[in-house]
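S.K.: Spelled out from the first residue to the last, the chains are:
Number of protein chains: 2
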Amino acid sequence: MWLDKRITNLFNIQNPIIQAPMAGASGAAMAIATSKAGGLGSLPCAMLSIEKMHTEMSIIRQETKAPMNVNFFVHDKPLINLERDQIWLNHLSKYYSEFNLQVDNQNSNSSREPFNEAAFGFVESFRPEVVSFHFGLPKSSYLDRLKKLGCKIMSSATTVEEACWLEKNGCDVIIAQGFEAGGHRAMFLTNDINTQVGTMALLPQVVDAVSVPVIAAGGIADGRGILAAFALGAAGVQIGTPYLFTKEALISEIHLSRLKTSKDNNTAITNLFTGRPARGIINRLMKEVGPMSEFPSEFPTAGKALGPLKNKAEAQGNSDFSQLWSGQSASLCKETDAEALTNCLAIDALQRFKMITSN
Amino acid sequence: MWLDKRITNLFNIQNPIIQAPMAGASGAAMAIATSKAGGLGSLPCAMLSIEKMHTEMSIIRQETKAPMNVNFFVHDKPLINLERDQIWLNHLSKYYSEFNLQVDNQNSNSSREPFNEAAFGFVESFRPEVVSFHFGLPKSSYLDRLKKLGCKIMSSATTVEEACWLEKNGCDVIIAQGFEAGGHRAMFLTNDINTQVGTMALLPQVVDAVSVPVIAAGGIADGRGILAAFALGAAGVQIGTPYLFTKEALISEIHLSRLKTSKDNNTAITNLFTGRPARGIINRLMKEVGPMSEFPSEFPTAGKALGPLKNKAEAQGNSDFSQLWSGQSASLCKETDAEALTNCLAIDALQRFKMITSN
Numbered sequence: 233m234w235l236d237k238r239i240t241n242l243f244n245i246q247n248p249i250i251q252a253p254m255a256g257a258s259g260a261a262m263a264i265a266t267s268k269a270g271g272l273g274s275l276p277c278a279m280l281s282i283e284k285m286h287t288e289m290s291i292i293r294q295e296t297k298a299p300m301n302v303n304f305f306v307h308d309k310p311l312i313n314l315e316r317d318q319i320w321l322n323h324l325s326k327y328y329s330e331f332n333l334q335v336d337n338q339n340s341n342s343s344r345e346p347f348n349e350a351a352f353g354f355v356e357s358f359r360p361e362v363v364s365f366h367f368g369l370p371k372s373s374y375l376d377r378l379k380k381l382g383c384k385i386m387s388s389a390t391t392v393e394e395a396c397w398l399e400k401n402g403c404d405v406i407i408a409q410g411f412e413a414g415g416h417r418a419m420f421l422t423n424d425i426n427t428q429v430g431t432m433a434l435l436p437q438v439v440d441a442v443s444v445p446v447i448a449a450g451g452i453a454d455g456r457g458i459l460a461a462f463a464l465g466a467a468g469v470q471i472g473t474p475y476l477f478t479k480e481a482l483i484s485e486i487h488l489s490r491l492k493t494s495k496d497n498n499t500a501i502t503n504l505f506t507g508r509p510a511r512g513i514i515n516r517l518m519k520e521v522g523p524m525s526e527f528p529s530e531f532p533t534a535g536k537a538l539g540p541l542k543n544k545a546e547a548q549g550n551s552d553f554s555q556l557w558s559g560q561s562a563s564l565c566k567e568t569d570a571e572a573l574t575n576c577l578a579i580d581a582l583q584r585f586k587m588i589t590s591n
Numbered sequence: 233m234w235l236d237k238r239i240t241n242l243f244n245i246q247n248p249i250i251q252a253p254m255a256g257a258s259g260a261a262m263a264i265a266t267s268k269a270g271g272l273g274s275l276p277c278a279m280l281s282i283e284k285m286h287t288e289m290s291i292i293r294q295e296t297k298a299p300m301n302v303n304f305f306v307h308d309k310p311l312i313n314l315e316r317d318q319i320w321l322n323h324l325s326k327y328y329s330e331f332n333l334q335v336d337n338q339n340s341n342s343s344r345e346p347f348n349e350a351a352f353g354f355v356e357s358f359r360p361e362v363v364s365f366h367f368g369l370p371k372s373s374y375l376d377r378l379k380k381l382g383c384k385i386m387s388s389a390t391t392v393e394e395a396c397w398l399e400k401n402g403c404d405v406i407i408a409q410g411f412e413a414g415g416h417r418a419m420f421l422t423n424d425i426n427t428q429v430g431t432m433a434l435l436p437q438v439v440d441a442v443s444v445p446v447i448a449a450g451g452i453a454d455g456r457g458i459l460a461a462f463a464l465g466a467a468g469v470q471i472g473t474p475y476l477f478t479k480e481a482l483i484s485e486i487h488l489s490r491l492k493t494s495k496d497n498n499t500a501i502t503n504l505f506t507g508r509p510a511r512g513i514i515n516r517l518m519k520e521v522g523p524m525s526e527f528p529s530e531f532p533t534a535g536k537a538l539g540p541l542k543n544k545a546e547a548q549g550n551s552d553f554s555q556l557w558s559g560q561s562a563s564l565c566k567e568t569d570a571e572a573l574t575n576c577l578a579i580d581a582l583q584r585f586k587m588i589t590s591n
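Each protein sequence line maps, in turn, to chains E and V. If you count the first sequence from 1, position 359 lands on 591 in the working numbering, and the numbers rise without skipping. If you count the second sequence from 1, position 27 lands on 259 in the working numbering, and the numbers rise without skipping.
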């Protein structure tokens, strides 16, 4: 079926389509459904407790023998910085007043944990076939231990420089994350969003720079995008936003409703919701405070101060303070389930591979 | 050869490859060389006097019977705004001091003229097969008159909304200009660069939204990009940065030398050099004042105040104040000539069309 078998062989899957791990937006059900259609299911662990990771992975292993990807963030945990938190709260105080909320720095809806010994223990228990990271890689001793377990290692690059760093530091597969992608930019050697690179330009330059297989991410939402990614030298694709439209997605109704009406130019990269740049649908907070700002608390704590505003606003049916992660191709997506979506993407791509041939 | 013949038939050319009109960077020679290889040569007229347009087009018509594209800007000429000019000069005064230059508001290196009656007269004399515009379209009476001359009309869209507007207002072909593209963003219904869209996402959404053929632009520098563009639904490609590496390019040595070492993440969108957002290689001015700023004079006059700084700096061999237009794929380009480049692009693309087929 697929002429390029680098990823299907390496991961032992049927279709070189990776369901993007979307922390907070997907769990066991989406990974299982994706794997049923021969794609690589992913369990995003960045926002899960160790107990929850075990629960989710147990469900997955009961349901399917298919290879799995588990994903972790590898940021440095920030030091407590009450002064900086206060600056961010002060910046938001007018919204607190508007909603008659007391400023209260004790909320904690921002529980993103970096990869650590407990997470390693979880991986050791389940030995997922693929372990992927966002924001770089964990320290090399972890990488060695993961490889001894037989796990293939993936991480995302937003520049050629990051791709070369990942290859040098032991990645088996590199995801080239184009500017179009939804959610957190993987960037870890730069924090300059002005120089982030679109998929059309990034992908061939990364492919030329590294020897390992490259997965394309960013703006890919149908068979056309998959074919384009392979044309540019990708060995597979990682797809996010279309999976937010599946019944297995764990996003709020308000998030889905905004996705369903989002157009090509309705998103921007913002650091307001977590402290790190991530692409989401533009809402009131992004319009009024950002989309980028110097004031949010350090990743991942910036969302803490937004929690009460988000909750109150969402209760009133508005998304003014919600993080509405989305890539730039939401308008190409439709509601479905993750198995059907994965099948559709594969069939659409394979048909287009045939159609495009010149004769 | 090419399975999709929409553009080759419409423009009566052999290869659906358009040499991007790059004002100030190309003239008759590049257009002629491109046409010799069966691509569509373009004469950028935005920075030419009417006399110079006639001279260049006379040379072209003497050299080749191939169809030609002439390109114009369609901005509104700004009113004289000495106050705003002074703000911009004040902002640059430290650099004037550094170079021991007197602030002098009488320079004029920014002679971009919008399409006007004299330009129409020029078109009427030469009846180029294609007339393309940047920043929208001229008023409809001009469009009617151009069409009566038999000219096909093209313009660029940076969003689906702009593409729909261009189709509704009479464009025969729409160029979808992705975020990766070098030079001026064509944006005319928005001025928000935060929501500009990458080629991978923009192209299929534009293709779905309009009925006319869509040309892909932005990040395309080799056969891989051309194949990807067709995979995404394009009927042709417009290619810029690779043509800056040809011997027919009119760019400075310092510009070429920066292009030759530019990496994927060495460019940003900046409004400092003309007043409108354009992608160029990052230099000192962009680092220190931008890349985007609220202070530059209105398009196209912002460059006026930079002229003396640019001249002095370039004389010292540095590009700190030069506009170094480039897309995000400069690292894929190499020095050549425009005929060889066009041939190479076509052959590379056609070979890749065959290679990618699954069996």
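A portion of the hints provided could be inaccurate.
Put simply, identical chains are the same to the list, so a pair is met inside one copy or across any two.
[What the hints assert, rightly or not] In silico DSSO-like pairs for lysine-lysine, Cα to Cα no more than 30 angstroms straight-line:
no. : residue 1 : residue 2
1   : Lys268    : Lys297
2   : Lys237    : Lys586
3   : Lys495    : Lys371
4   : Lys544    : Lys380
5   : Lys544    : Lys371
6   : Lys492    : Lys400
7   : Lys384    : Lys544
8   : Lys492    : Lys268
9   : Lys492    : Lys544
10  : Lys566    : Lys379
11  : Lys400    : Lys566
12  : Lys284    : Lys326
13  : Lys237    : Lys284
14  : Lys371    : Lys268
15  : Lys237    : Lys326
16  : Lys400    : Lys268
17  : Lys495    : Lys400
18  : Lys479    : Lys380
19  : Lys309    : Lys380
20  : Lys297    : Lys309
Derived by calculation from the structure, the hints in this document are not laboratory data. These numbers were taken from a predicted model, which means no experiment stands behind them.
S.K.: Does the structure break any of the earlier hints, and which numbers would those be?
M.R.: 4, 5, 7, 10, 12, 13, 14, 15, 16, 18, 20
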